[in-house]
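So the protein lines, in turn, are chains A and B.
So for the first sequence, my numbering puts the first residue at 1; every next one is plus one.
So for the second sequence, my numbering puts the first residue at 1; every next one is plus one.
For the record, the hints were derived by calculation from the structure and aren't laboratory data.
The calculated EDC-like cross-link candidates involving lysine to aspartate or glutamate, where the alpha carbons are at most 16 angstroms apart (straight line), are: (1) Lys276/B with Asp225/B; (2) Lys236/A with Glu112/B; (3) Lys203/A with Glu208/B; (4) Lys202/A with Glu211/B; (5) Lys147/A with Glu148/B; (6) Lys202/B with Glu210/A; (7) Lys202/A with Glu210/B.
Quantities reported herein were computed from a predicted structural model and do not represent experimental measurements.
There are 2 protein chains.
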Amino acid sequence: PCTGNTLSKIALGVCDNAVTACIITAEGAGIPIMVVPAMHLAMYKNPAVAEHLRLLKKRGFYVIEPRVTETKAKIAEREEIVAHVLRLLREQDLTHKRILVIGGASAEAVDEIRVLTNRSTGKMGVALAKTAFERGAEVELWLGWSKEKTPAYIKVKRFESVTDLLEMIKDVDIKRFDTFIVCAALANYIPRKYGGKIPSGKKSLTIEFEEAPSVIAAIKQKHPDAMVVAFKAEEKKNTLLEKATSFLKHNEVDILVANTLSSFGADESEIWIIDKEQRVHHVKGRKEELAESILSTITAEGKP
Amino acid sequence: PCTGNTLSKIALGVCDNAVTACIITAEGAGIPIMVVPAMHLAMYKNPAVAEHLRLLKKRGFYVIEPRVTETKAKIAEREEIVAHVLRLLREQDLTHKRILVIGGASAEAVDEIRVLTNRSTGKMGVALAKTAFERGAEVELWLGWSKEKTPAYIKVKRFESVTDLLEMIKDVDIKRFDTFIVCAALANYIPRKYGGKIPSGKKSLTIEFEEAPSVIAAIKQKHPDAMVVAFKAEEKKNTLLEKATSFLKHNEVDILVANTLSSFGADESEIWIIDKEQRVHHVKGRKEELAESILSTITAEGKP
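Next comes chain A alone, as it looks inside the complex (with noise of 0.2 angstroms):
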């Protein structure tokens, strides 16, 4: 935690003591200082206290911004200042990247309390915000049904259903982005809702589902420059590779990300990520792993 008093002697070049020296040599050294402020509201609001946060925001400081609450500007959450470290270490081949993922469950309303859903968890997605963050992209992440926890230095949007989501990329300007990542699974069809509640007590029940519209088209639409990686869960192994190219072929997804449906909820599991020149990279491992890889081939797809 970096205090009022460190913060100004930091500003004015006092060196006192063993942390400001240490400090005062990094910087004239030319070595990245991250400063990570906690004091007491005021004393943030101290009008030369703020100044000086401004000054060493001017010299090249990396500062994580405190948690502000009624009285407090409490220090950043463990969490985040690990993700801005890794941002800061790690080589930054996403720097010039502005992410959208899309990941979770969608859950389409069948009537007023049932929903269709499916076992998707969100780890993905969030894997992949988390990830291409510490690599130096700008990152939004949009997060349908899911119990991950999700990160407070990422901009988080949640939506439920197929047309929560639509409306969302009709109502935002999506070209800011330049890179979609749709990892979410989401509902091919979508139920005629039924107004109130489906009664109890019948013998049986038949519902009736129309096609969803495609997210992935939508995104095309009005952003036909974009680059589209998608997600396309298969339940053989033997035809998935087959079945994957061919959806490589008719849709316009740069690069597609295969996986079977043992992946569904789970922690550990195995992808095939296919390119335009049907390039196929088979990767094992925890989400963050396939995380890298598949942020990786976006790097590699984006280069001449």
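Position chain B against the provided structure of chain A, taking the given hints into account.
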């Protein structure tokens, strides 16, 4: 935290500091004492310490067992200690009850990845289990699809579908419970499951459902004397009481809790508790407050 040292001192009547002096007096005065041990596992397993713990239990001390990990006997979680303190201090009007709470949403597989579920969170089930524990009951919780944190001090089993639940009722000796609170939002209809994954790209889709077997009937068949508290969600307030009373008459249910659909997923809600004599008790509030009212109705019902 009660160290091995303090534990042994209490057991042996040594009272050479404020804590042990306080306890020797309290025990002599017949005041209930709760001990929450925390020490290295090696100390906890020391024969003298173990013997002293046994002795204290015999003398009527309430002991909250530590969480034993590799080398440590860690202090119980704060929430567990609070629950035990409440159980010690509150009126123990459910001491004689052995309650099974069935809560959360059921999820029915439509294919290998899709599920039909509902907006129920499981909050009501967890609140009922906790409150019944505090009021002295022996409690077990069977919880469906739910993100709620389950209490470590209550035995919890998980289920997914109505079929799972029926299997559990069949396999377990449910006669060890005398009261069943079925607040789970269970599927009324079970889809005829598609083998594998429903393919995408079709213009429309129809899913056929069969009526789900009654969980309450399954309980009653195996345990005809059981007291059963059922929940019924209705769409409209004005027909809710009429429908609930008719349900109570035609099913072997002792207490029916009726609510409107707005309770789904909410922290605050509104219920109508209806007993066999069709007395209606209307309550509004947080799920914990509703749980108190429901449990009070159970206690009242049990009395001649």
